[in-house]
Amino acid sequence: MLNTNIQAVVLAAGKSSRLKSGHNKMLEKICGQEMILFPIKMLENLAIETTVVVGFEKERIIACIESMQPDQVTFAHQQEPAGTGDAVRCTADNWHSDHILILNGDMPLVTAQIIEDLYKAHTESNAALSFVIAHNNEPSTSYGRIVQKDAQIKIVEAREFTGDVHEHCCINAGIYLVKRSFLQEHINHLNANKTSNEFHITDLVAIASEHNYVVKTTVAPFDYVRGINNQHELWAAEQIQRSNLIKHWMEHGVRFSVAQNVHIDLDVTIGVGSYIGCGVHLLRGTQIGNYCTIDEYVSVESSTIGDNSRVYPMSVVKDAQIGANVAVGPFAHIHHACVIEDNAVIGNFVELKQTTVGAGTKAKHLTYLGDATIGNNVNIGAGTITCNFDGTNKHRTTIEPHAFIGSNNTLVAPIKIEQGAFTAAGSTITEDVPADALAIGRARQINKHLYAQRLRNRAQGTLNCEPKAYTGPGSDTDKHTFTGAIKTVHDTIMYDDQQ
Amino acid sequence: MLNTNIQAVVLAAGKSSRLKSGHNKMLEKICGQEMILFPIKMLENLAIETTVVVGFEKERIIACIESMQPDQVTFAHQQEPAGTGDAVRCTADNWHSDHILILNGDMPLVTAQIIEDLYKAHTESNAALSFVIAHNNEPSTSYGRIVQKDAQIKIVEAREFTGDVHEHCCINAGIYLVKRSFLQEHINHLNANKTSNEFHITDLVAIASEHNYVVKTTVAPFDYVRGINNQHELWAAEQIQRSNLIKHWMEHGVRFSVAQNVHIDLDVTIGVGSYIGCGVHLLRGTQIGNYCTIDEYVSVESSTIGDNSRVYPMSVVKDAQIGANVAVGPFAHIHHACVIEDNAVIGNFVELKQTTVGAGTKAKHLTYLGDATIGNNVNIGAGTITCNFDGTNKHRTTIEPHAFIGSNNTLVAPIKIEQGAFTAAGSTITEDVPADALAIGRARQINKHLYAQRLRNRAQGTLNCEPKAYTGPGSDTDKHTFTGAIKTVHDTIMYDDQQ
Amino acid sequence: MLNTNIQAVVLAAGKSSRLKSGHNKMLEKICGQEMILFPIKMLENLAIETTVVVGFEKERIIACIESMQPDQVTFAHQQEPAGTGDAVRCTADNWHSDHILILNGDMPLVTAQIIEDLYKAHTESNAALSFVIAHNNEPSTSYGRIVQKDAQIKIVEAREFTGDVHEHCCINAGIYLVKRSFLQEHINHLNANKTSNEFHITDLVAIASEHNYVVKTTVAPFDYVRGINNQHELWAAEQIQRSNLIKHWMEHGVRFSVAQNVHIDLDVTIGVGSYIGCGVHLLRGTQIGNYCTIDEYVSVESSTIGDNSRVYPMSVVKDAQIGANVAVGPFAHIHHACVIEDNAVIGNFVELKQTTVGAGTKAKHLTYLGDATIGNNVNIGAGTITCNFDGTNKHRTTIEPHAFIGSNNTLVAPIKIEQGAFTAAGSTITEDVPADALAIGRARQINKHLYAQRLRNRAQGTLNCEPKAYTGPGSDTDKHTFTGAIKTVHDTIMYDDQQ
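Chains as they are written, first to last, in the working numbering: chain A, 1098 to 1596; chain B, 1098 to 1596; chain C, 1098 to 1596.
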């Protein structure tokens, strides 16, 4: 348990210039959560009051943090970038606890345990300043390095370090716990760095050491204190977070096929006995039930999927509530507040948008259902299109239980197909269909004998191209009748036919 | 060569509780084959008679094994879980060979060579009991560890091991070869483990050693004797199997783009010079010909693909026979007993189900062909739908060679389009079309002048929304004529038009 | 800077038998570029005149190199495979510089720096022969190994090496710089290898050493001098090249989600702040703008994408020019010289081929637009199909600005929909539509009351199958009227209806 006499300062004001994205790295997402929210939530869980130092893109940072409605977060504004020392100084008016915890905002994998260990060591040793270190003997431009000599300790900035990384094998993690009294006395004595002209909080270590204060360090695993300064480090941190999540779900009875390229967000849950295929993405609060199969290359976002359901390969599901024993895909796209009830089947090249599909209903092929309410046990024929947009407004389609929509239907909304009604294949339906009625909206077929051959012959005679290889039965008496493009002929036939 | 005086006991009765899937792990598939079939097939190949001990979900285990119609497999039933020692005891009635090979059913990567090496060492040393060990000095809760002291050898269960893994760096693989006489004498002398209250076959080692029998060990590579107790180990074993398969096909002249995320089942074959793209899945008996290209994110299951064919990205092919020089996809879905002959082209957003497509035939866009028989050199227009289901039965569509199906056609089965016939774009075809005829089943177009503008103006006047930005040519004389929704206007126009 | 008195010989004549593809490995692509072009371009950049030795599939090799229009490349023909020594000898007529650089054509990752370092060491030491070595103590069948003894140095072929790889831990990279005078004197003194009966250029090292010429070696990182003899090495080299490219774009401000399975070709560029999702393929000269999002499993080839555009998951884009703020996909397929202007939206299951889409135009669902020119702010309804092919020729569709194409339209090209025109849902449009007109080409709907029930009852009576579970309102008076298949009934209804 932490003593409550501690408050935190989180540094989030930097320019993130090494990320080279033009934006503040604190808003980059790691497994679906903005980087800055990792320390904020961890501190919130520890009930530590927090001041966030903001500067670059501060409005976006503040909006992001406030969206989670934290209990104990305030903001301090650093007007101009002048280093971590200056950033801490900006929060001085807020200081009231005995100990000030200072941490960089770019360390999303830091755990509460690391903070608790630091606090324990700090208070037990009555240190003026304590900080977290980690073993890492790879040369790096991202971490200050610990240099100890003759009982003195200091942190040397990465770019100024010229020693042997194997001899000085510990890096500064960027987490400090400082007595308020020490901080108040010395924060204004920092000197600007000669190269960067910035004030570095790391210099407090040397100051404390030189003044013979107690300086304490605790060791954390490097992977948990990784900082994120460039795109490579951002990728690595997310990769570690992803691995941890997959390991977690493996331990809860989830089978992964090719685990190394599955992406799972932090707030996703997966039921026992479910199978997650290669390259699946489960995003933003998605909940997968028990004994589901999520096939390869499926993406599911902000959705729930009931027990024993299967999403076939290469489907995209977003913002949907899907029941039990449902089959979706392959190549399905379900989005924008859809509901699919138990035992329904949504097939290939089918899009659902703002649509409810009743239990046992099937829409299996090349269909667009938008703004539709569809009852139980309806059969939607292949190629069905709901015409929900008239150029100005969206309108709803209602299809009642047990209706049968023929293939290649065009349903012009607003429209209602009542219970048990049928529509004939190829129909355009513009009026409501009463219960148990059959609606037909298509032209009657006419066969024009040997016209296909005439078209073919004409094409041969004038254009000398496919399908020239074939000469069918029947004679070629009509070749000279046809001139112009095939299209014109088609029209001519239509005119002849109907006039 | 193995002496024939050996029989095997395979342990498959456990609860698989650490997998946490609720099911028996023996039926989890690794590269398409159930785990239990790996040792069964290996023993079958060695012509070793085998008794499988079943318990948890025994009906499913038995059904799985019997589906491969093994020659020499019998089953023994363990009524209640009481440990590996008890499981072996359940098979006592079957013992008749001189040597009993006992192996866990959860080691799918074990090779015949490992068994042969064990047998050779066992018989040459006249051992009472021999078993396979492997070097592994990582702490693990899955493997018993070998402890030797003063010429005595024993296996300490993972959860009871408290020593140094570097000193005791060998684990028990779970493969034992025991003289029948020794087994018969001592199997009933096992004591129940104090913690688990189960009988452990591993205790036979200490018994043999204490009684000064010869105990022999052989060493196998750890990767080949990996046991599978949890989801992580299951993933790792499949990953190794997958790597081995890919390495095998590389050695046979197959090029892999991003080999580390390709999935290949055990019974798949791939021809020389073929290219397998990123993330491809080749499943269940699929056979890929020579010089094929299988592009990224394609899944092929239970299908054959002829030489020089290409499957474009993100296609799903299942249960299909595809000829040579065929092009499929991208975004094609071919399933349920389809046949595609040489030089055919199946394009994007096209589904084929129980359909035969003749040589040189093309169906390139947004098409559903179900229960159809299509001849050579047919052209299927974009948006064609076969209406194969009338709500009660499925019916077939037959399209003869050289027919040309216009775009957006609705073909109401049962139907036959005869040789060389044409159908006009937008037609619903309900009757057979004779050879070389042209079938038309669509309404004639009518243009209502300036009606679009009226609709637009009305929307502007009453609804104030898009496409308000545009004011086209012509005057707005009719604004007040229109009331109600656009839909109603459309209907009105229809009525006006046709009455 | 290199002295200009150097010329190069690149060996590309081998049979590539270990690749087992049946083809010359020099034409295998690595990140989109043929293997042979890596050394050719590197030498071109160093302004070194080059002779390429060709043999197996020489026409294809020559065509490939000539397609890049190199300045200083000539070819020498090796008639029969007789080893690297013989291959070099084939170029003797071309020798005129003081130093001859000889390198294998199968080392795509070699850098100019390695050549420059070799040249510097060679000339500074006045060596007769210098060559590049690398540390690698894994047993390999692909690399000759350096053996030094008593001031003598030689290269032992991989298959003849029997020593300890840890003692002889350096391999021969296959890059030699030789004084012309030495080469001319000794190239004809090579002995045929006893096993292969071929002449090995590597034997020159022992010859030089035995004759007490100065022999110099320089060391390069193994990864940069990897040779490609089999599919595994080909995969590994491409994997390294891919990693380097991704690292490069990370350093330029591009965010990668699951970087390890992204594929990027050498000539691709990506703008600052863009996000590249899992499994994305960016191929052949593709240019991605700033702040774009390319979602998971998208493939983009030979295309440009403007700033702030997003390609949603599982889309395929090839040979397209896409503007800024455009949304594409998911499941879009854009190919063959398409242009999509700013702010357009191309949705799911939409194919564009040889089509131009104006700014702000939307085509969101299940649509095929081929050979079409579409103006600004057009709305293309769901299910729209352009009928661009009449069996003989392709025709164009023109849709002018602000037109509104109703859902499920069939547009029979050649056709023009003029500015501001509307087409009714379900229409087949065969004639041009004037500006601001409304075109209708569909049949009027008729509702046949209780006919659906009759169909259902008949199916129940005669077939006893679905949808039998439902008995709707209305009486079953008509059961015996219907005989034959549902299809016939439908037809009957049509006849009744329209006669």
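Certain hints may be false.
Same chains, same names: a pair is fine if it fits in one copy or spans any two.
Stated by the list, open to error - Derived pair list, reagent style EDC-like, types lysine to aspartate or glutamate, alpha-carbon separation capped at 16 Å: (1) Lys1291 - Glu1257; (2) Lys1415 - Glu1213; (3) Lys1117 - Glu1348; (4) Lys1155 - Glu1398; (5) Lys1545 - Glu1528; (6) Lys1491 - Glu1398.
If you're looking for bench data, these hints aren't it; they were derived computationally from the structure.
These figures come from a predicted structure and were not determined experimentally.
| Non-conforming hints, listed in increasing numerical order | 2, 4, 6
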